[in-house]
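Novice: Those protein sequences? They're chains G and H, same order as listed.
According to the numbering used here, the first sequence is numbered sequentially starting from 27.
According to the numbering used here, the second sequence is numbered sequentially starting from 3.
I should point out that these hints are in silico values taken from the structure, not numbers from a laboratory.
One should not assume that every hint holds.
[Said to hold, decoys possible] The calculated DSSO-like cross-link candidates involving lysine-lysine, where the alpha carbons are at most 30 Å apart (straight line), are:
{"hint": "1", "chain 1": "G", "residue 1": "Lys83", "chain 2": "G", "residue 2": "Lys30"}
{"hint": "2", "chain 1": "H", "residue 1": "Lys313", "chain 2": "G", "residue 2": "Lys83"}
{"hint": "3", "chain 1": "H", "residue 1": "Lys307", "chain 2": "H", "residue 2": "Lys164"}
{"hint": "4", "chain 1": "H", "residue 1": "Lys53", "chain 2": "G", "residue 2": "Lys147"}
{"hint": "5", "chain 1": "H", "residue 1": "Lys70", "chain 2": "G", "residue 2": "Lys162"}
{"hint": "6", "chain 1": "H", "residue 1": "Lys310", "chain 2": "H", "residue 2": "Lys164"}
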Amino acid sequence: MVAKFRGTYGSGITPLTYAGQNYMAVDRSLIPEILQVLRNEERFDYCVDITAVHYPKREKQFDVVWILYSFARNERIRVSAQILDGESLPSSVPIWPAANWLEREVYDMFGIKFDGHPDMKRILLPEGWKGHPLRKDYGILQQDNEWVQINLGIESGQ
Amino acid sequence: MTDQHSSLSNLDLETPEKPFLDANELVINMGPQHPATHGVLRVILRLDGEKVLGLECVIGYLHRGVEKIGEHRTYTMFNPYVDRMDYVAAVSNGLGYCETVEKLLNVEAPQRAQHVRVILTELNRIASHQLWLGTHALDIGAITPLFYTFRDREEILKIYEKYCGARLTTHAFRIGGLQYETYTGFEKEVKNFLDFFRPKIDEYEELLTTNRIWVERTKNVGTISAEDCIALGVTGPVLRASGVKWDLRKAQPYANYKNFDFEIPIGQNGDTYDRYLVRMAEMRQSVRIIEQAVGALPEGPIMAKVPKVMKPAAGEVYHSIEAPKGELGYFIVSDGSTQPYRVRVRPPSFVNLQALDVMCRGQLVADVIAVIGTLDIVLGEVDR
């Protein structure tokens, strides 16, 4: 499958293997098409997870990862794409409705926006919270003190 | 007077195509402190009389930043934290985490450890389903099953307590195997439990399966089709009750489930009653698995050779197991240091909860309670 993709899309796709698991690094520009093809032609009908990893030292700071599964083939695949800080991605809610909350969590934790998402807002943290905690520059003890003071009426949450 | 008239006509002109406040539509708030939401879940219901038009879940009240904590702890130190997500099935959480790190380290737990892991995890599946049954029945109005299931769940907790000292957040497994050898009489006690528990499942079923009130409250309530389940990423007993025969223990076997003989119970209608039947059947299958595992417990070491200071080579791994609630996955990225660079937990409850809206549309308010119960969510895992 990956070989076929490589034939069609050329160097935009890098197939990788680690610990017996296949995944592919895909160029950002190919993402909308690849996800569509994986869903419709390769029958990856179950979107297991969408998440991200932050690499602050890289120019393209974020890896966004889609974990997909196909019931028909009993196979998993991971797709990852590197994006710049502040860059957005097309939402995959039209492809997999399951992506709704998963993309909201990525936005909440990393500040990556998904275009065309029906309800792009925070999910685990409260509305109006400042900062995205899973970025590497967000300290483990750090919190939005202003929010805590206004909404909870206490000096600090710690 | 004339003023009023003109303002009225102005209002008319500006009336949007859809009235923003229909006289029949009512928005009410359920939770976050509500006994039937099984924790701190807030649901905003849009109602037409008693009928649910739609709902929105507000979550995050129990958010502790487990994934962030994982990046600041060593692989070993993070192990007990995972028990605090789905605290009803702490052993399953630990199994998923340990197996993922073992994949990263490229080690495999010895056979004896694998067997004990299966026994304890399946006992945990029974305990989790018992707690679900008791509270779910209580929500719907049947009080007795709660006493029965908690009485019997106690026996499982006693085995845990004797094995590792803890009853709920057990931290039973270690990366590479087990910390403790089983105590003297472990096999006998597990066997005794199975003999004790088998008739108890019949007892639960006697109370509910043909109970007219139970059937009326659960049949055709919160129905979800197999297509919707797959589209929404719903897994576990909810998916199976909709007729999809998919269980990670069979589809992509982990631990040593491939050595044991068991079936995947499925339902047909995808309603609350079918989900009840599927979970009841799953408890019977778990008994079968434990019976085989405890009957053939191999001798040997319980720990693989694992370095004291774990430094997996740089790389990334996703591994998932069939937790009592569905697919529980861990995605761990290592940068070659002693701490994970990123730990992502794919919690089944979080993804399954997304289906609540679809399942409740067109139902009554009282059915929302039944559907929250039947989804079997644990808020500690939803919010992490």
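Novice: Has the given pair, Lys310/H with Lys164/H, been kept, meaning a C-alpha gap of at most 30 Å?
Specialist: 26 Å, holds
Novice: Just to be careful, I want the Cα atoms of Lys313/H and Lys83/G compared with a cutoff of 30 Å; is the pair within it?
Specialist: 21 Å, holds
Novice: Straight-line Cα separation of Lys307/H and Lys164/H no greater than 30 Å?
Specialist: 26 Å, holds
Novice: CA of Lys53/H to CA of Lys147/G, is that 30 Å or under?
Specialist: It holds: about 27 Å lies between the C-alpha atoms, which stays within 30 Å.
Novice: Take the C-alpha atoms of Lys70/H and Lys162/G, compute the straight-line distance between them, and say whether it is at most 30 Å.
Specialist: Measuring from Cα to Cα gives roughly 9 Å; hence the hint holds.
Novice: Given the hinted pair Lys83/G and Lys30/G, is their alpha-carbon gap at most 30 Å?
Specialist: Given pair Lys83/G, Lys30/G is violated - Cα atoms ~33 Å apart, limit 30 Å.
Against the hints set out earlier in the document, a violation occurs for number 1 only.
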